[in-house]
Amino acid sequence: MLLRHTPEKITERKALTINPAKTCQPIGAMYASLGIHGCLPHSHGSQGCCAYHRSTLTRHYKEPVSASTSSFTEGASVFGGQANMLQSITNIFSVYDPEVIAVHTTCLSETIGDDLPQITKKARTEGKIPEGKDVISASTPSYVGTHVTGFSNMVKSMAMVAEPTGRKNHKVNIIPGWVEPADMEEIKRLVRQIGVESILFPDTSGVLNGPLSGEYRMFPEGGTTMEELRSTGNSIGTLALGEWCSADAARWLDKSSHVPCSVLDMPFGLKATDRFIDALRIIAGVTIPEEIANERGQLVDMISDMHQYLYHKKAALVGDPDQLIAMTEFLVSLDMHPVHIVTGTSGKKFEKRIREITKDMPCEVNVKAGGDMFLLHQWIKSEPVDLLIGNTYCKYIARDEDLPYVRWGFPILDRQGHQYFPTVGYKGGLRLLEKILGVLMDRVDRDSTEQKFELVL
Amino acid sequence: MLLRHTPEKITERKALTINPAKTCQPIGAMYASLGIHGCLPHSHGSQGCCAYHRSTLTRHYKEPVSASTSSFTEGASVFGGQANMLQSITNIFSVYDPEVIAVHTTCLSETIGDDLPQITKKARTEGKIPEGKDVISASTPSYVGTHVTGFSNMVKSMAMVAEPTGRKNHKVNIIPGWVEPADMEEIKRLVRQIGVESILFPDTSGVLNGPLSGEYRMFPEGGTTMEELRSTGNSIGTLALGEWCSADAARWLDKSSHVPCSVLDMPFGLKATDRFIDALRIIAGVTIPEEIANERGQLVDMISDMHQYLYHKKAALVGDPDQLIAMTEFLVSLDMHPVHIVTGTSGKKFEKRIREITKDMPCEVNVKAGGDMFLLHQWIKSEPVDLLIGNTYCKYIARDEDLPYVRWGFPILDRQGHQYFPTVGYKGGLRLLEKILGVLMDRVDRDSTEQKFELVL
Amino acid sequence: MATATNKKLVQWDPAEVKEELLKKYPPKVARKRAKQILINEALENETPEISANIRTIPGIISMRGCTYAGCKGVIMGPTRDIVNLVHGPIGCSFYAWLTRRNQTDPGPDGENYMTYCFSTDMQDQDIIFGGEKKLARAIQEAYDLFHPKSIAVFATCPVGLIGDDIHTVTKKMKEKLGNCNVYAFSCEGYKGVSQSAGHHIANNQVFRHIVGENDEVKPGKFKINLLGEYNIGGDGFEIDRILQKCGITCISTFSGNSTYDQFASAHTADLNTVMCHRSINYVADMLETKYGIPWIKVNFIGAEATAKSLRKIAEYFGDKQLSRKVEEVIAEEMPAVEAVSKDVRTRTGGKTAMMFVGGSRAHHYQELFNEMGMKTISAGYEFAHRDDYEGRHVIPNLKVDADSRNIEEIEVEADETRYKPRKSEKQTKALEKAGYTFKDYDGLIPDMENGTLIIDDLNQYEAEKLVELMKPDIFCAGIKEKFSVQKLGVPMKQLHSYDSGGPYAGFKGAINFYKEIDRLVNSKVWGYMKAPWEENPQLSATYCWE
Amino acid sequence: MATATNKKLVQWDPAEVKEELLKKYPPKVARKRAKQILINEALENETPEISANIRTIPGIISMRGCTYAGCKGVIMGPTRDIVNLVHGPIGCSFYAWLTRRNQTDPGPDGENYMTYCFSTDMQDQDIIFGGEKKLARAIQEAYDLFHPKSIAVFATCPVGLIGDDIHTVTKKMKEKLGNCNVYAFSCEGYKGVSQSAGHHIANNQVFRHIVGENDEVKPGKFKINLLGEYNIGGDGFEIDRILQKCGITCISTFSGNSTYDQFASAHTADLNTVMCHRSINYVADMLETKYGIPWIKVNFIGAEATAKSLRKIAEYFGDKQLSRKVEEVIAEEMPAVEAVSKDVRTRTGGKTAMMFVGGSRAHHYQELFNEMGMKTISAGYEFAHRDDYEGRHVIPNLKVDADSRNIEEIEVEADETRYKPRKSEKQTKALEKAGYTFKDYDGLIPDMENGTLIIDDLNQYEAEKLVELMKPDIFCAGIKEKFSVQKLGVPMKQLHSYDSGGPYAGFKGAINFYKEIDRLVNSKVWGYMKAPWEENPQLSATYCWE
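Residue numbers (my numbering), protein chains in the order written: chain A, 1 to 457; chain B, 1 to 457; chain C, 1 to 546; chain D, 1 to 546.
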């Protein structure tokens with residue numbers, strides 16, 4: 001057994017986290033920053049943080065992930081990191097020449113209380129920031145919230161770039177939340193199809209799913225431009241996908257620039273996608289194009305065709321709140337039973353949403369916000385499941401408990417495809433369904449006796 | 001063991017086929033016919049043929065497959081099927097009202113020598129075929145060739161609808177060959193992207209991957225219209241994908257209507273897709289759009305990232321000639337070793353192509369045109385492989401020999417997704433790669449000892 | 001379930017429905033179909049007549065298959081230790097390869113050719129010059145590879161037309177090989193009007209070439225044969241479980257999970273129980289005439305029907321212990337069944353079903369639906385004969401038409417040495433006096449309510465219309481019909497292959513079926529067909545936020 | 001290989017390359033980097049000086065990690081039966097969770113916490129009010145759940161700043177728990193200038209809290225410790241295999257596939273062999289001073305180097321049998337190695353490599369590339385010190401700067417009871433006279449050709465430039481560098497984690513490495529980067545067929 005010391009019996013833990021279902025804010029801020037065109041993320045802290053975040057993102061995307069750091073020394077930690085930050089700005093613009101530097105803090109710089117806006121102002125006045133270039137920043141203390149919070153905070157800082165001019169640009173801001181580059185691409189396709197002009201931010205498509213062509217570009221084509229970010233203040237509205245990832249930025253735009261917003265669930269699965277598409281329809285005042293209606297119909301068709309393999313199958317899920325809410329709703333809509341649900345991010349709101357979504361299920365549901373994978377594993381030991389959905393760390397549980405397992409979430413370090421194939425939207429729903437059915441049917445084929453082995457499933 | 005009587009030792013078989021890697025012509029003709037808009041395929045023979053073909057296609061697509069039959073009785077078999085055919089035409093147009101009936105023959109009607117063109121003429125003169133409606137036919141004797149031949153024959157009959165007017169329509173005919181609806185959709189997308197106006201035939205997209213919406217339409221939106229087929233004679237050229245599936249129709253258009261043609265491999269994998277895209281580029285005289293170049297680069301990128309899992313892995317393939325040629329080339333381009341290759345369709349040409357493609361491989365290659373799965377299994381027993389690629393019937397071999405197995409080809413009766421996600425083009429290459437890597441890496445995870453079990457792959 | 005409640009409101013008049021179904025047909029077709037579409041008015045002792053087992057109409061999309069399918073696919077398919085060699089072009093053998101779900105249990109080292117597909121793969125030169133040599137060689141090659149105890153050869157359409165004499169070829173090969181029984185079936189696809197002819201051809205040859213080959217007396221006190229049970233989805237396994245539990249020995253099953261030797265020993269049983277009347281009642285007759293084994297109709301579909309059938313078997317043997325054991329078993333099995341039926345009935349009660357399958361299931365499965373409180377509002381067979389609808393009493397006056405004429409009827413007489421009546425005249429009389437009925441089947445019609453529609457050889461067009469007009473909660477037929485029905489938003493259950501489910505026979509099977517139907521009629525998915533914007537499509541002319 | 005041959009044609013002048021690298025830097029940065037970029041001019045007995053182990057430049061994208069990474073990730077990570085509890089916000093423990101490929105073999109029922117991630121997950125209130133209580137409770141909870149023999153606590157950045165006294169907490173908990181050794185590491189990420197500081201902090205505490213805890217004398221005639229081997233990709237397993245084969249007993253490995261008890265018994269070995277000089281040479285010194293165990297530098301990367309190291313160990317013990325055995329083993333293992341190297345050399349000969357990793361691999365791996373006929377044209381360390389470049393002779397005149405000042409140097413002296421020189425003055429002299437060298441390491445520079453570029457703390461920008469200018473056939477560094485290099489069409493091999501490969505140590509490892517590099521430099525994929533239409537982009541203005 002790989003996790004041989006995990007007991008079925010659950011004992012209270014007040015101080016010890018084991019096998020976390022989360023990581024810290026800065027990596028979320030770094031990922032979000034990569035969704036700005038020509039942006040170099042900068043980690044204001046000791047160099048280890050930056051190295052760790054770059055490594056994790058690189059392993060997930062199998063793509064170069066550039067980011068710089070203030071490389072705090074002991075001295076800087078005592079006397080403050082302003083000097084390191086200013087030096088960084090100078091070096092970054094002269095060596096890498098990005099359009100913008102997106103700085104996020106760390107537990108280190110937060111603990112000593114560095115004031116980034118003030119440092120940035122100083123850099124600006126001292127002419128360390130070239131004309132037409134920008135430095136934006138977000139406060140992302142590692143000891144508050146999780147990687148999701150950090151993502152949300154940086155996205156909010158992106159919204160803060162908005163410069164409302166009073167002249168509407170007739171575009172809709174769409175904040176996709178922490179999804180894969182392929183998902184952002186797919187969201188743009190759907191929005192285009194429906195005929196809505198939009199500003200999507202952040203947008204990592206084209207940045208973290210790039211081609212191999214013999215040239216390396218630190219700043220690829222992709223990403224939301226600063227120009228676009230500035231004009232988000234002139235948009236007619238904002239669709240924020242995911243309360244945890246995207247709502248703060250949207251509400252801030254509402255408050256500061258009077259850009260009204262709706263906060264929707266992330267469009268994973270049939271119903272959440274329906275709500276997203278319907279919202280776009282109402283915004284644009286159009287009828288849904290055949291092609292999208294058709295994609296929807298295909299998803300419903302496949303659900304009906306394969307229902308017998310999904311019906312009342314028990315699932316355990318671990319991941320981030322916005323994703324889990326949509327996925328749980330999707331599984332319930334398939335007549336499946338998500339019985340164990342863990343996110344590392346705290347929040348009673350999450351547990352409440354899950355309880356609502358699962359309230360008609362004929363079985364008990366374990367849900368925990370601010371839980372860890374050790375707990376999830378213990379739940380699974382006492383109430384086994386037919387399916388496990390989560391990031392790559394779940395593979396240890398899946399092997400120990402011999403569970404059909406679908407990799408979904410962050411990080412995925414041991415399989416390919418997630419960068420290239422969306423799981424949002426109806427087509428994404430088809431893909432999720434294909435993956436879920438795949439592992440369930442593989443299990444049927446593996447475990448059926450020879451007399452029950454089937455050609456046709 | 002499921003195939004417990006299969007010996008490793010290979011003995012000569014002259015008369016006995018075991019576990020065929022092919023089926024008969026009519027089903028191919030039926031599938032092709034479904035790619036015509038508003039078409040009802042009709043099987044001129046005893047009703048069993050039609051029932052079998054409809055069942056097989058239905059199990060593969062999980063969609064309704066309508067087709068009618070002449071329901072030969074013993075009497076008809078003796079006195080000829082003309083009466084049944086004429087009666088069928090009357091009944092079909094009055095009850096189902098299709099745009100066109102596409103008739104194919106069977107071993108029965110071929111053996112007794114029914115002359116379909118003559119019968120059709122009779123029906124026409126007797127006014128049994130309503131104004132503006134059509135009846136086309138193909139001769140598809142089950143005892144000649146295979147399902148591939150039948151497909152090709154019906155596609156040729158579609159080309160025979162061509163009515164050259166001398167006025168060019170500035171379109172390119174594209175004959176995709178026997179690929180999935182999703183593949184045809186993807187080919188249309190690529191062609192559009194490059195800016196080529198085209199007539200794709202047959203086109204089963206929208207016919208065999210339809211939505212569930214509460215209404216049943218015997219003749220859905222999809223399919224190549226008769227109007228388009230007529231104008232294929234005015235096209236500036238024809239791209240035929242696949243020598244076995246598509247070349248005859250293309251050459252016929254060349255001969256009869258002076259529409260020049262190029263016969264290419266089916267665009268599976270990097271190189272075949274390169275040739276297809278380059279052909280389109282040269283035809284259209286355009287430069288390749290960024291989006292397609294980018295998809296290509298993504299495929300190359302994923303190959304480079306995952307090369308270590310593919311390098312020198314042995315594969316066994318079974319399927320149809322056009323598909324196998326492209327797939328073999330793809331695997332070789334991944335530095336894999338396809339060592340056993342079987343198609344049920346005869347033809348030295350096939351073996352020659354495979355030998356060319358694999359000539360630089362450092363190991364021996366078993367290739368057989370007109371072989372069967374029994375032989376493939378025997379080859380695998382004497383020279384085991386790391387990967388098996390073929391239709392659903394391969395699952396018995398895969399289970400007996402405990403092989404990583406990717407379902408690809410026809411028919412796929414036990415998994416979903418093939419109807420919705422293309423495997424042609426660069427995106428299709430990414431999907432094939434994801435599937436191949438998926439089963440190979442699942443095996444690594446399954447078989448690695450606990451000390452070698454890896455988080456990051 | 002919005003959809004479900006809607007359906008409740010639907011009113012329909014069978015006459016109107018029938019009219020609707022016929023409206024679009026050309027006159028000739030309409031006349032013909034009118035006789036195959038029956039509005040049930042069955043009375044006490046008078047069953048209306050229906051036209052059945054007649055030609056399929058060319059061009060009308062039927063559910064039917066061919067004679068080869070009935071012979072090779074249905075009857076001979078499930079016998080695991082016979083090499084089934086198809087003589088013809090490749091297709092016929094390919095399509096019948098592992099596509100029926102009859103399960104088999106060869107044990108760890110038993111012979112099993114079910115997973116294999118054997119064909120002579122005839123080519124044009126074979127059609128031109130004849131295929132007998134190739135067939136003989138193929139038999140030899142199969143023998144050399146596998147040394148099976150038996151090889152069966154099946155003719156496909158061209159074989160009959162080109163005049164290959166497969167019976168002589170197999171006879172010769174049987175002699176040549178010595179220890180392998182080789183025989184052939186002239187089951188060309190164009191024969192007869194449906195699979196039914198194929199069943200007959202298959203059973204005739206089994207009776208002629210295999211039954212009686214092994215006189216060795218098998219152990220067991222109460223020995224029966226189970227005729228017309230094909231172990232789809234493991235039905236036969238469940239029935240075997242129950243019979244064993246009761247202490248009843250099943251000598252042979254025709255032909256689910258069967259072996260060559262089972263057929264060979266069939267004549268040593270003391271009672272024939274017939275499941276699927278259509279496909280095999282004549283075999284029961286022949287076994288009685290030749291060996292003196294009486295037969296009764298049984299039905300293991302439905303828990304009540306299963307109990308009834310067990311009691312009927314016990315009553316036949318007239319053994320107190322057996323009867324007691326049977327009652328014990330029933331008492332032991334029923335509570336679990338009733339618990340589930342009680343539960344699902346709260347969700348399935350009052351719902352409606354339609355069934356168009358086979359030669360008996362459209363009848364048998366009404367038992368299960370009744371047990372769930374569901375009503376069958378329309379049903380019919382795909383390939384049955386009038387006696388399957390109206391009861392055996394019509395058999396004498398069934399007329400032989402051009403299509404049935406050539407389907408051989410074997411003349412059998414009592415076997416000089418082995419004929420042994422299992423019951424004396426007296427015993428039989430006594431049983432009958434006590435209300436016991438031998439070789440008796442009343443058919444589908446009497447069991448269906450008045451005003452229901454009984455339709456023979458339902459076709460695609462009529463199916464679609466029926467569903468639109470009568471809006472059943474579930475529709476049962478085969479794979480070809482499945483998805484067109486479901487596109488209409490009505491769940492469809494395959495009753496040929498059971499989709500991926502089963503067993504549905506016996507007690508455990510009943511539980512499986514209850515749950516399966518509950519799943520289907522109450523699946524959330526039927527509520528997703530309309531997108532929210534179709535429910536309320538109102539639109540603000542401009543961007544809503546402005 | 002088009003790409004490969006192209007590269008052959010490339011000419012470059014090291015001075016020009018260096019100039020290119022520095023051109024874009026601001027003056028201050030350029031001055032600093034100039035001292036870390038060395039054009040090799042090493043002569044017989046004079047090695048040029050390089051600037052190393054100095055601060056990373058803020059804003060310049062370095063490969064380096066932090067002190068915590070060096071301490072928890074590298075040194076303590078591989079010890080399977082110690083619960084490694086990270087005191088700090090969640091991230092630091094998450095990122096160090098299973099992300100290094102040091103393999104471990106706990107056997108069927110041994111303790112193994114490698115697959116677990118333990119953290120106090122500090123929240124803001126802990127930062128404000130201090131985290132000592134939470135730490136103490138976390139230790140208790142870990143103990144109650146697992147009852148490990150030892151719990152190690154690691155400080156992350158904020159811990160030091162808020163002044164949590166982790167050493168007192170762990171001391172108290174050790175006393176409280178009784179049978180569990182608890183201790184802490186002040187390895188805050190901001191300390192030092194790289195992982196190197198973390199190695200030092202880790203090793204100091206291991207020496208202080210664990211080494212010497214178990215005096216029990218282990219069996220074995222030739223007992224050594226293997227210092228600085230971390231069992232990445234199973235290197236340690238291969239080395240163990242070879243040592244066992246030779247009859248040499250490895251008492252402890254620092255710290256690949258290690259256990260608490262191995263550390264505790266380390267002082268009972270008779271020779272310390274040092275693999276990674278950078279991460280552990282000071283431990284070797286301390287072990288000699290305190291317990292009298294001499295140390296030698298070894299290298300098991302490369303077949304020749306492995307043979308050499310084995311002979312060196314044998315020579316130390318001066319036992320004929322051992323020497324004979326060692327020669328036997330080498331003779332047995334080498335043929336397979338040479339067969340493969342001979343084969344691959346036909347495809348790899350003359351190709352060029354670059355290497356920028358760790359504190360010793362950039363040196364060690366040149367052995368393997370040489371054996372494949374490949375030339376290392378540029379190399380450097382990520383976190384090494386001057387002595388790793390120039391040799392130990394520079395150690396006395398290394399100046400202590402602001403960053404290294406606070407990295408504790410333990411003062412040790414001979415252990416009253418347990419100090420026991422393994423070799424007498426006389427024996428040592430004799431060995432040295434025979435050319436034997438103790439505690440000796442000449443560093444990377446002398447082993448590299450003149451005109452090659454040696455670069456300390458290479459950064460992303462310089463890496464890209466180097467590859468563009470010098471077009472190596474392969475580039476070796478870490479995961480962060482992998483894909484930017486490969487985007488340029490140059491295969492990249494991770495020499496920290498070996499990607500998914502290994503072992504590369506010892507004889508079998510050499511074979512693995514030859515094959516892996518052969519695969520990488522000869523992969524077809526590098527020929528696919530340009531699409532056919534990029535190769536010949538000519539276009540017919542109109543449709544080609546017209």
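Hints are computed from structural coordinates only; laboratory data are not their basis.
Here a beta-carbon is modelled for each residue, glycine too, at the ideal position from N, C-alpha and C.
Some hints could be false.
[As the list claims (entries may be wrong)] Pairwise CB distance ranges (calculated):
#, chain 1, residue 1, chain 2, residue 2, range
1, B, 12, A, 383, 40 to 50 Å
2, B, 124, D, 535, 27 to 37 Å
3, C, 49, B, 97, 30 to 40 Å
[As the list claims (entries may be wrong)] Capping the alpha-carbon separation at 25 Å, the derived lysine-lysine pairs in DSS-like fashion look like this:
#, chain 1, residue 1, chain 2, residue 2
4, A, 14, D, 149
5, B, 121, C, 28
6, B, 62, A, 271
7, D, 28, B, 452
8, C, 24, B, 133
9, D, 149, A, 121
10, D, 149, A, 9
11, B, 121, A, 435
Consistency of the hints with the structure:
1. Look at residue 12/B against residue 383/A: about 58 Å separates their beta carbons, and that is not inside 40 to 50 Å.
2. For residue 124/B paired with residue 535/D, a C-beta distance near 54 Å fails the hint of 27 to 37 Å.
3. At about 33 Å, the CB distance of residue 49/C to residue 97/B agrees with the hint of 30 to 40 Å.
4. For a cut-off of 25 Å, the pair hint linking residue 14/A to residue 149/D stands: about 22 Å separates their Cα positions.
5. A hinted pair counts as satisfied when its Cα atoms are at most 25 Å apart, and residue 121/B with residue 28/C qualifies at roughly 23 Å.
6. At roughly 23 Å between alpha-carbon atoms, residue 62/B and residue 271/A fall within 25 Å of each other, so this suggested pair holds.
7. With a C-alpha separation of about 47 Å, the suggested pairing of residue 28/D with residue 452/B is violated against the 25 Å cut-off.
8. Between residue 24/C and residue 133/B the alpha-carbon distance is near 18 Å, which keeps this suggested pair within the 25 Å criterion.
9. Our distance criterion of 25 Å between C-alpha atoms is broken by residue 149/D and residue 121/A, whose separation comes to about 53 Å.
10. Taken as a hint, the residue 149/D and residue 9/A pair is honoured in the structure, with Cα atoms around 22 Å apart against an allowance of 25 Å.
11. A C-alpha spacing of about 51 Å is found between residue 121/B and residue 435/A, which places the hinted pair above 25 Å, so the restraint is violated.
Violated hints for the displayed structure, listed by number in ascending order: 1, 2, 7, 9 and 11.
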